[in-house]
Each structure stands twice: as structure tokens, then as C-alpha cells.
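J.: Could you slot chain P onto chain F? The hints should help.
Chains as they are written, first to last, in our numbering: chain F, 483 to 896; chain P, 480 to 726.
Don't take each hint at face value.
[Stated by the list, open to error] Beta-carbon label-pair distances, calculated as ranges:
{"id": "1", "chain 1": "P", "residue 1": "L585", "chain 2": "F", "residue 2": "A504", "range": "21 to 27 Å"}
{"id": "2", "chain 1": "P", "residue 1": "I676", "chain 2": "F", "residue 2": "A879", "range": "32 to 38 Å"}
{"id": "3", "chain 1": "F", "residue 1": "D866", "chain 2": "P", "residue 2": "V595", "range": "17 to 23 Å"}
{"id": "4", "chain 1": "P", "residue 1": "E680", "chain 2": "F", "residue 2": "T664", "range": "24 to 30 Å"}
Hints were generated in silico from the structure; no laboratory data involved. Using N, Cα and C, we set each Cβ at its ideal position, and we do this for glycine too.
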Amino acid sequence: MKLIKDKVAKLSFVALLVTVTAAMFYAPTASAHGEKSQAAFMRMRTIHWFDLNWSKDTVPVNDTMTISGKFHVFAGWPETVDKPEISFLNIGIPGPVFIRQGSWIGGQLVPRSVSLELGETYEFKVLLKARRPGDWHVHTMMNVKGGGPIIGPGKWVTVTGTMGSFVNPVTTLLGDTINLETYNLSNTYFWHAFWYALGLAWLGYWARKPIFVPRHIAVEAGKADSLITATDKKVAMGFAIGTIAVVAFGMSSTNAAYPVTTPLQAGLLRGMKPIEMPAKTVNVKVEDATYRVPGRAMQMTLTITNNGDSSVRLGEFNTAGVRFLDPKVHVDETGYPDDLLAEEGLTVSDNSPIAPGTSRTVQVTASDAAWEVYRLADLIYDPDSRFAGLLFFFDEAGNRQMIMVDAPLIPSFI
Amino acid sequence: MSASQSAVRSRAEAVKVSRTFDWLILFVLFFVVLGGYHIHYMLTGGDWDFWTDWKDRRLWVTVAPIVSITFPAAVQAVLWWRYRLPFGAVVCILGLLLGEWINRYLNFWGWTYFPVNFCFPSNLMPGAIVLDVVLMLSGSMTVTAVIGGMAWGLLFYPGNWPVIAPLHVPVEYNGMMMTLADLQGYHYVRTGTPEYIRMVEKGTLRTFGKDVAPVSAFFSAFVSILIYFLWHFFGKWFGGTSFTQSA
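Isolated chain F, as found in the complex (with noise of 0.2 Å):
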């Protein structure tokens, strides 16, 4: 008996000590927020992202930072998923490292939830306050109520300071100037103590004395009557009034410090007000399109329109917040994220210059390692086969023109 309790005791701890030498060794750092787990056909069809731009890659703890730019909302919204009737505007970061200062659509702000239109394009905008210190990949994010949240392109920022620096002021309408991080805590934890200060009391009232063996025993005697006492009952009334008299006092008192008291804030938020986009000038239809795996890229035929006074190119192809782009007609100089932007990665058969009343059917090549990384080439595994994205021409002075494409996808293995 002896021996298995040694091997046992011996094993034991070899496994304790694997168990610590395998964390020390290996123990990444979870990053990022799933955003490649999210499937592929919620990221190209549902809320799509663009004209990104983070203000700010180093941000010290107190300062603020914007993300802001547009989002278009996919007109042929995948029937599996919710309608955004009721969305919130998020951000996607781990935790409150930031505060939310401020988020705005169509220059209104959003603290609540709101109601966007199918095939609208809204402007937004976050405001983001640094509170905790380290490197942190921000993300806009749209939650939409049956539909889960829908994240949007991230990229890393970094806050430096301490966190112990942070302060949230607040001026509340009666003209008191709070430290929102703060405040209330130390109310708080005195109203907590106090209960379960008395809780304990009582509870060390019964416990002083023997508790479970004698009780049973009277009480399985038939003698459970005596176990209860005169001087327990006047006790218990004082418990029961004493808690009761606190209560009113607490109530009564507090009323009287905080006169002023609001319900909480609720509601949906109608009417966004969504971009007035041009008339198109540019018509597309999607002749046909294929998702190439061993190549890694997607092949579209498209016939392209030009109805407008001016020529225009094919510059950018942008889906899931993945861009696309033709070097020869548009470069990015926003600074997006690296791993969210193929900067040679739009291939076009002929991409020469539209004239205004001609039509062309071309052969666009859309490949990266991307469609891979960011698990897109997924989307032939979804029960809607259905590819969609946003086209962005460029007409001779620079102007640009965005169009929308939905199409199904067919995945060629060979």
C-alpha cells in the first residue's frame, strides 16, 4: 500500500513539474479577437468597412484617439442572419484598455442602439480614451441583435504610461465634477462590509453554540422545541428590526444626499442619417466568378459600364476589410493595417482607361496570401455559396465611385 502511495505521490509531482515547465515555456499571448473565426460569408456580406483610418499608433495613457471612416450596409444581407434592425456601433479591443468617449453615426452619437438601412452608407466615428497601458489590436466591430457581433478591420496601438494615471471626469447636471473610475467605491464597499458584517453576527450567534450533532439528536428526540430559546427569539427580534430600521435609514438618508435621481437611459435610436452617395455612372454585372484554391485567388468576369462623361479604371476591390489594389490606379496612403492590404493584389485583364458610353468585359484577378490568413477562401464551405464586395473606380481628375457586387462563387480545386 505504502509503495502505490509513493509512486502515486512521486507521479504526481512529475506531472506538477511538466506541468509548470510547459507554461513557462510556452504561454502565448491571446491578441487578437477571433475576427479570422468569424465565418467568411458574415464578413463579406453583411457590414462592410472602408475608408479606415486609426488616428493614432502610440497613444499615452489620458489622450485620445479617433477611429473613423464608413461602413456600407450590404443590400443583399444573407437571409441566415438577423437584418440590423437593431445594431450597436462597438469596438472590438480586449476590455476597457480604452474608454469609449464617443461614437457617432451620421454625426449622431450612438450610446444607444439604432436601426440602419439595408444598402445605406453611414459615416462614423469613435472616440477612444487610453486607460491601460500595452499593445492592443482595435477593431470597429458592428453588433447586430440576432445576427452576433460582426468585427471589422483591426490594427495595433499602442498605449504607454500607467494605468494608475487614468482618470474618467465627469460633470453631472447638478455641477459636481466626479472621477467616474472612482467614484462610489468607497460607498460601496461600506454598505458591503456593513451587511455582511451582520450576516456574520448572525450567523456567529448560532455558531458559538454546538450546532449540528446535539440539534439533531434533540430534534430526531422530539425535543426540537427547546432548541430555540427566549433570549434567540428577543435576539432575532433585534436582528429583524435592527436590519429593517438600517434599511429605512439608508434609504430615507440617501434620498436625502441624492435628491436628484434619473431612471436609466434606454431606447433605439431611429433615423440615421446615411451618406448621400452619387448617382453611379459605372454599371457592373458579374458575368461569372470563381475562388481558385491552390492559387489562392478569386477570379471575377465582369462587364463593366461606363455611363458617366469621363473614363474611369478599376482601382480597388474590397471585401471583409481585405483591399485589393491595382498599383497602376490607386496606392494606399492611410496607413492600413499590413496584413488587411494587398497592395499589387488586383489584377485586371485589361485596365485601361473606360471610355464614357463603352462597355468592357474583363477578367479581375483578386490574390493574396490574405484570402488564406484571413480564412475568406472559408466562404466555399458556407450554405450560401455567395461572394460580395465593394468596387471602387477612379475617373480621370481622381474622383472616385463605389459599386456594389453579389454574386455566387464557385471554387475550382484543380
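T.: Frame of chain F; chain P shown alone:
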């Protein structure tokens, strides 16, 4: 020593063993209740207890007492009918609050940096003390359910008001009015808890003007009475020995 002989040889020894047994059982009871009740309350009360911007005058007041009277009723049944001990509700709340505070301080604040003034638990102690006292003085499950259950529901909101009221002070923020609690919910980003998940100020209780908290509390108290009966029976059944095989 044969199996039929006693393990103790004197009354003093018996008392000592009995007291050791008391502390062992109380220790185990405390942490078993802490674990079970904590999970139960997190699953049923959940966000209403986590965040100040969920602690409203309508649904929090209604839901929290109803889902929290469960374990106190059951543990009371065991401790009272088997031992005549009237601290079942208080021991439950002591366990629950200790577990909650450890969770809020180490997890919510320590790991994910939510300020404690945003994620502290609700206070359930006033109702627990009164529930225990009513059981002790009446010795009746029915009276405890009706009077104690009613008190459980009614004392919840005023018992929490001293901590909640400062967070219901209004503030003007970029042209909108909010409470400080709303602002906490907006400032301290929760990626997995969008605003629309918040179940606050919903319902059709509109005919009482601004005084909906007492009405909600009365409704909660009424349902708490019913839940008390149910869980008291659970406790009685669970604390019995009829389902074990006799030797």
C-alpha cells in the same frame, strides 16, 4: 477496539469531536453553497447583477429577488427541519456574496479591468436576515414563505438604494441625458455585451408614472413567495434520507 465500541471515551471528548464536526460541516456547507448558489445566480440573474447599467427600477428589482430566493429557501428547509437552525438564508448569502466579490475583484477588475464601481454585486443580506428571523419566530414554512418571501422582495430595492442612487445622478453627455450608470456602460467597453442586450426599463408598467420600483418590488415579492414554497420543498426532499438505501 471493536466496531461496536465508541470512538470517544469521555463527555469532554465527545463535545470536542462534536464541535470539530460542527466546523467541518459548516466549512463544507459554506463552500458547497457558495459554488452551487453562485453558478445558479450567475446563470439566472447574470448581467442584472454584473453591471450597474442593468440595475434598473423595473426588471432588476423584479428578477433578482425571484431567482435568488431559491437556495436560501432550500437550505433553510434542511437546517431548520433537521437541526432547528435558523441561519439557512444568511449562510447562503454570505457564501454567494463572498464568491461574487472574489469573482468581481479578481476576474472583472483584475483580469479585464472593469472598475469595481461598475460591476459590484447586489446586496441581498437584509432580506436574508428577515427571512431567517421569520422562520425562527414562526416555525412555519407557510408563514415564512408569505411574510419572509414578501420581505425578501420588498427589501431588495431599498437595501441596494444607498449604493445605486449615486449612480443614478443625471449627466448631460454630448447633447443626451444619461445616468452615471449608463455612462459607465458606455465608457467601459464590453465587446460581448452590446447595448441592445440590456434588458432595462422594458415592459408595460406605465400607469404608475415614475413610481414603478415599488410596484415591481411587490410583484417580485409575490413571485418570491411562490418560488420559496417550491424550493423549500426541494430542500426538504434533498435533505431527507428516503432516497438512500438503508443498511
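J.: Give a verdict on every hint.
T.: Here's how the hints hold up against the structure:
no.	hint	verdict
1	P:L585 / F:A504: 21 to 27 Å	holds (24 Å)
2	P:I676 / F:A879: 32 to 38 Å	violated (47 Å)
3	F:D866 / P:V595: 17 to 23 Å	violated (45 Å)
4	P:E680 / F:T664: 24 to 30 Å	holds (27 Å)
In the structure shown, a violation is registered for the earlier hints numbered 2, 3, in ascending order.
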